[in-house]
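Participant: What follows is the residue order along each chain.
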Amino acid sequence: MNAKALSQHYAEQVQQVRDGLPAELPEWLAGRRRGAAQRFADAGFPDPRQEEWKYTNVRPIATKPFATAQADAPVSEETIRALGFEGLDACRLVFVDGRFRGEISDLDGLPEGATVRSLSAMLGDDSARLEPLLGTLAHDRYSSFAAANMAFLSDGAVIVLGKGVRLERPVHLLLVGSAGSPATWNHPRVVVQAAEGSEVTIVEHYADLEGANGFTNTVTELRADAGAQIHHYLVQDHADSAYHIGSVFVQQRRDSRVTSHNVNLGGRLVRHDLNVDLTEPGAEIVLNGLFLVGGRQHVDTHTRVHHSSPHTSSREQYRGIGQGHGRGVFKGRVLVERGAQKTDAQQHSANLLLSPNAEIDTKPELEIYADDVKCAHGATVGQLDETSLYYLRSRGIDAEAARGMLVFAFADEVLERMELEPVRTSIERRLAARLPESGAMDVIG
Amino acid sequence: MTQENTAMLKINNLQARVENGTPILKGIDLEVKPGEVHAIMGPNGSGKSTLCQVLGGRDGYEVTDGTVEYLGKDLFELEPEERAREGLLLGFQYPVEIPGVKNIYLLKEAYNAQRKHRGEPEADTFQFLKLVREKLQMMQMDESFLHRAVNVGFSGGEKKRNEILQMLVLEPKLALLDETDSGLDIDALKIVSEGVNKLRSPDRAIVLVTHYQRLLSHIEPDFVHVLSGGRIIKSGDKTLAQELERSGYQGIIEEAA
Ligand SMILES: Nc1ncnc2c1ncn2[C@@H]1O[C@H](COP(=O)(O)OP(=O)(O)OP(=O)(O)O)[C@@H](O)[C@H]1O
Ligand SMILES: [Mg+2]
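Protein chains in written order, with the working numbering: chain A, 1 to 445; chain B, 446 to 702.
Hints may be right or wrong, so weigh each one.
[What the hints assert, rightly or not] Here chain A is said to cover these stretches of chain B; the calculated rule only asks that three of the stretch's residues, wherever they fall, bring their Cβ under 8 Å from a Cβ of chain A: (1) 491–503; (2) 528–538; (3) 545–556.
[As the list claims (entries may be wrong)] Below are the SDA-like pairs computed for lysine to any residue, each with C-alpha atoms no more than 25 Å apart in a straight line: (4) B:Lys-547 - A:Glu-428; (5) B:Lys-547 - A:Ser-388; (6) B:Lys-604 - A:Ser-388; (7) B:Lys-547 - A:His-348.
These aren't lab readings, by the way, just hints derived from the structure by calculation.
Backbone N, C-alpha and C define an ideal beta-carbon position, used for all residues, glycine too.
The following block holds chain A by itself, in its conformation from the complex (with noise of 0.2 Å):
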């Protein structure tokens, strides 16, 4: 038997998209998901002798038998609160296990040539729309775990732009995990088209209720036409017994600008890839990053931003956080291709352990075919420093409130870079509360 080859249980699953799939599908639809299970059961789930799996083994989602979710968990008003960023005005679209639901969204108040919709809804009524958007940044030979998000999809968030529509509120999709018997997994994907000089603030957010174990497998595909800017926040907020596994796929044409604000607090093992293509001059990639690892958590980032096209820029700066046995990586590939001339590119990954036990590794990598760019990277693993450390102890601080306000201080540098300030107040109080005895929480009061 081939190591690669997939359980019984995963196997079952594939003949049924293969065999079982609703007689109402779009025929397009149909083709790719049955294309899709096929690459995902030739290729199976990945192992740490290939490259890009080297820091993550994937052995315990793989060996684990995730059941289809039902997606019915019982999810009030009140927990949606709890769950969500206080003070945040936004259109919001809930997903519970991967589904649409549809009486605790809020997707009033949209202006004139913007769709934001469930997959489903769009599915249903005006499927034509989004054929060329499903599936074609995402391509399902990216990865395995590309191919079974297609194959199994459960549901998603479409959010299409006209020229020049600006949405003023930011839309938050909070995609809620569930405790289940057995343990589930589900696939949302998000599709966004910003066309010419539209402009939107995505939220994409996970949380989980308590006690949740399940396993998220997102794609996410954005596309800024020329000239639009699209703000995107992916804050991964799972319980620790979680697991998340998401790719980013980014297509930037001229003088469009993304930022993307990633935000890893929780999870058991958490895998994301952002792949960003700036293809056309006067594209502008944002990157900032934070990772938060203690416990057993395992989280590892992988970001690859290819200048494609001359007159590019790329910023990145992540951070990571190692407390406990907590591991996080950072692999951050920047690309430049012959002819992408007047490229910048600047990437900078710092990295602070807490603990004896925690592990981070952090490894850019610079592929430049141009020979007029300006490109920089750093990358830096350390521990509080013991000099401002005493400085503030030398005024009365308590040693762990001064941690505290260290670790806390160093987190903030990307934290503050949020231009939405509930969200910002919100992850700042979940990251304190989350630095156990640092004192961090005193110093947000």
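Since the structure of chain A is provided, determine the placement of chain B with the ligands on it from the hints.
Facilitator: Chain B with the ligands alone, transformed into the frame defined by chain A:
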């Protein structure tokens, strides 16, 4: 015996070295009483900052002999933060830059830590701001300094002013100022000196480490000590500083040898 006659700080034959390194302090004796101002002068590398840091409780130094009593307690029994809360505050020769921690946070945390230690309720934000603004004005510092990260991007002189600002807010019983005058322009020196003079009172004491007589013309010391090779080789009144200014350390060092 009244409080006035009791030494606040009693240093007795203090010897210290860098952990497992060569000895730096080789037997220091010093008594500081409430109300007094002491100046410590001495050549570069003689151990002045080491003395300050050992008194402040910095890691990396090892006390090999001697005792230090502060307000009747064994100083070495106290953690650095406990020393500060008991009123022993150190002004750094090289104030530390702390990215991401706002000056106002540091001040507030420190201020409240002290109040908590004394069993007083935490200050409310409004009152605290009022207090800090007053002190800012004394140091002729702009309010924007409160919202900048501690010492980050501050000029040398601004860092020193910031040290004194902290002193004014925290009101130490014993202020230990390590070269707070170095790197200051003439106007800033005046401002800083005025700040220090505001701290003077019959129940507080100040120890100044300095290289220059100029500071001492603003802040008149009761005693001047010369530290050389890890020992206090000569003590006197303010005229000793004037003598040093005229003829340097060489004569005194030879005389002591
Ligand atoms: N952590 C350390 N490691 C190694 N040597 C040290 C350390 N701290 C102090 N020293 C040495 O101890 C001696 C005294 O240093 P200290 O900083 O106390 O001098 P100082 O009197 O304050 O000098 P200055 O007037 O230049 O500030 C110097 O030779 C210095 O190099
Ligand atoms: Mg010194």
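Participant: Check whether three or more residues of the region 491–503 of chain B sit with their beta carbon closer than 8 Å to a beta carbon of chain A.
Facilitator: holds (count 3)
Participant: Within 25 Å, alpha carbon to alpha carbon, are B:Lys-604 and A:Ser-388?
Facilitator: At roughly 15 Å apart (the allowed maximum being 25 Å), A:Ser-388 and B:Lys-604 satisfy the hint.
Participant: Does A:His-348 sit within 25 Å of B:Lys-547, going by the straight-line distance between their CA atoms?
Facilitator: Measuring from Cα to Cα gives roughly 23 Å; hence the hint holds.
Participant: For B:Lys-547 and A:Glu-428, compute the direct alpha-carbon distance and say whether it is at most 25 Å.
Facilitator: holds, 15 Å
Participant: For the pair supplied as a hint, B:Lys-547 and A:Ser-388, confirm whether the alpha-carbon distance does not exceed 25 Å.
Facilitator: holds, 13 Å
Participant: Apply the coverage criterion to the region 545–556 of chain B and chain A: a residue qualifies when its Cβ sits closer than 8 Å to a Cβ of the chain, and three qualifying residues are needed.
Facilitator: Check passed, 6 qualifying residues.
Participant: Closer than 8 Å, Cβ to Cβ, for at least three residues: run that test on the region 528–538 of chain B against chain A and report holds or violated.
Facilitator: holds (count 6)
In the structure shown, no violation is registered for any of the earlier numbered hints.
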